[in-house]
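Undergrad: Chains A and B supply the protein sequences, listed in that same order.
According to the numbering used here, the first sequence is numbered sequentially starting from -10.
According to the numbering used here, the second sequence is numbered sequentially starting from 0.
A portion of the hints provided could be inaccurate.
Claimed, not checked - Label-pair restraints from in silico Cβ distances:
id, chain 1, residue 1, chain 2, residue 2, range
1, A, Val28, B, Ser179, 26 to 36 Å
2, B, Gln273, A, Gln79, 23 to 33 Å
3, B, Thr74, A, Lys0, 35 to 45 Å
4, A, Val28, B, Glu84, 18 to 28 Å
5, A, Val28, B, Leu62, 55 to 65 Å
6, A, Lys94, B, Asn120, 47 to 57 Å
7, A, Lys70, B, Asn120, 16 to 26 Å
8, A, Lys94, B, Glu81, 35 to 45 Å
9, A, Gly58, B, Gly108, 16 to 26 Å
10, A, Lys70, B, Arg162, 32 to 42 Å
11, B, Ala260, A, Leu4, 49 to 59 Å
As the list claims (entries may be wrong) - Just a sample of chain A residues kept apart from chain B, beta carbon distances all over 12 Å, derived:
id, residue
12, Met(-10)
13, Thr(-8)
14, Leu4
15, Glu20
16, Ala24
17, Ile25
18, Ala44
19, Asp51
20, Pro62
21, Lys63
22, Met75
23, Val76
24, Ile77
25, Arg93
Derived from the structure by calculation, the hints contain no laboratory data.
Backbone N, C-alpha and C fix where the C-beta goes; we use that ideal spot for every residue, glycine too.
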Amino acid sequence: MKTLISASENKVEALFDKRFGRAAWFCIYDEISGAIEFVENENVNASNGAGSKAAETVIAHDVKKVISGDFGPKAKELLEKFEIQMVIIQDDSLTIERIITKLRK
Amino acid sequence: MSYKIAIASGKGGTGKTTVAINLLVSWQRVIGEHIELVDCDVEEPNAMIFFPEAQKEKEESILQLIPEINRDSCTFCKACVEYCEFNAISLIPHVRFAEVNQSLCHSCGACLVACKHNAINEIPYPIGKVSSYKTNNGYFIKEGRLKIGSLMQTMLIKELKKRVSEHSNIILYDAPPGTSCPVVETISDTDYVIIVAEPTLFGLYDLKLMIKLTREVNLPFGVIINKSGLGDRQVYNFLREEGIQLLGEIPFSKEYAGLYAKGDIVDKASEGIQEVYKNVVAKLSNEIMQYD
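For reference, chain A alone in the conformation it holds in the complex (with noise of 0.2 Å):
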């Protein structure tokens, strides 16, 4: 199963950043093969709807959870259409790592 997780930067030292559709960067995880990936996200400084294309880039990958700071209600509609699960985290001290680290446990 893959997690996407909102990204300050395309490495895993990097901090995660809480804003989902806004954040530069997407990390994709996926729990089975370990396997990390960084996909650019195109729209950071798109004008209009930068939450639900973020949540296309989720659907587009298989993605079937979530990890940012919050969704708008977009991004919400969306995400809910396809079941993938949001988590919300507001701790933006933690890098990507932390955060993978505490996905494989």
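Given the coordinates of chain A, assemble chain B onto it according to the supplied hints.
TA: Structure of chain B alone, referenced to chain A:
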């Protein structure tokens, strides 16, 4: 041709509607039946509160065309997604998901041009209503009322303005508060902007924003200070330093505020206040003469 005046403020609650209604009353006495008040604050139109006896002469539902994607003819080529400036179209090929987000769509029609497979149709959705009223004492008022949940303020204001009578010599547009898109839409094609300000620090701050906007769209403007006697002299000093025309000053009156709260301000201004509005009308008539 009609002369269009917007009544705007930046800050909310400074007295736009109060000024608009008093100008309507005062001006109509001068020029007769060819003046119209248009309430452009489509999110919260309030001018009609003061005319409970008014007859609704016409009501029109305003529709927004929103594209719908037919999944059977869609090839998921994403041409429409690339054309869409507002990120309103979601296409996810492997799950055959194709939807247009209503709250992001601006009905520009670009996706219809983009689609080469005839997979997009436009479906009308109501965004609000435009109503025309005539009051017992012969005032003509129009208002736009946005449907709750719709984000198409600007589109509704545009449609409202298209329906203003060609026979009006003067049209007063009561603008929404703030300085965002709906305000720009309200003032953009007018000939003059009346900015209603209150003499407080907050009032001064928002007055400056409104003046900046009015200068940006290159329109002549003047300021009416409402609730004078409250706050301090900073707004007055600012207007003097900038050489901005002070059209009039309306003293704060607790009694008048009480009437406003009861929705009873039409023809209730004291003689002193009536005089202020008469002077404003005279000053603006002067502007109009120069314009003609």
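Undergrad: Could you run down the list of hints and mark each one as holding or not?
TA: Here's how the hints hold up against the structure:
1. A:Val28 x B:Ser179: 26 to 36 Å: 34 Å, holds
2. B:Gln273 x A:Gln79: 23 to 33 Å: Check failed, 58 Å falls outside 23 to 33 Å.
3. B:Thr74 x A:Lys0: 35 to 45 Å: 38 Å, holds
4. A:Val28 x B:Glu84: 18 to 28 Å: With Cβ atoms ~23 Å apart, the hint holds.
5. A:Val28 x B:Leu62: 55 to 65 Å: 39 Å, violated
6. A:Lys94 x B:Asn120: 47 to 57 Å: The hinted range 47 to 57 Å holds for A:Lys94 and B:Asn120, with Cβ atoms some 51 Å apart.
7. A:Lys70 x B:Asn120: 16 to 26 Å: Since A:Lys70 and B:Asn120 have Cβ atoms about 22 Å apart, the given range 16 to 26 Å holds.
8. A:Lys94 x B:Glu81: 35 to 45 Å: Given a distance of about 42 Å, which is inside 35 to 45 Å, the answer is holds.
9. A:Gly58 x B:Gly108: 16 to 26 Å: 36 Å, violated
10. A:Lys70 x B:Arg162: 32 to 42 Å: 38 Å, holds
11. B:Ala260 x A:Leu4: 49 to 59 Å: 52 Å, holds
12. Met(-10): 17 Å, holds
13. Thr(-8): Label holds. Min Cβ-Cβ 18 Å, cutoff 12 Å.
14. Leu4: At roughly 26 Å from the nearest Cβ of chain B, A:Leu4 sits farther out than 12 Å, so the non-interface label holds.
15. Glu20: 21 Å, holds
16. Ala24: 19 Å, holds
17. Ile25: Holds: least Cβ distance 22 Å, greater than 12 Å.
18. Ala44: Label violated. Min Cβ-Cβ 8 Å, cutoff 12 Å.
19. Asp51: About 8 Å separates A:Asp51 from the closest Cβ of chain B, which leaves it inside 12 Å; violated.
20. Pro62: With a cut-off of 12 Å, A:Pro62 comes too close to chain B, as the shortest Cβ separation is near 8 Å.
21. Lys63: With a cut-off of 12 Å, A:Lys63 comes too close to chain B, as the shortest Cβ separation is near 6 Å.
22. Met75: 17 Å, holds
23. Val76: 21 Å, holds
24. Ile77: 23 Å, holds
25. Arg93: Holds: least Cβ distance 28 Å, greater than 12 Å.
This entry does not satisfy hints 2, 5, 9, 18, 19, 20 and 21, going by the numbered hints stated previously.
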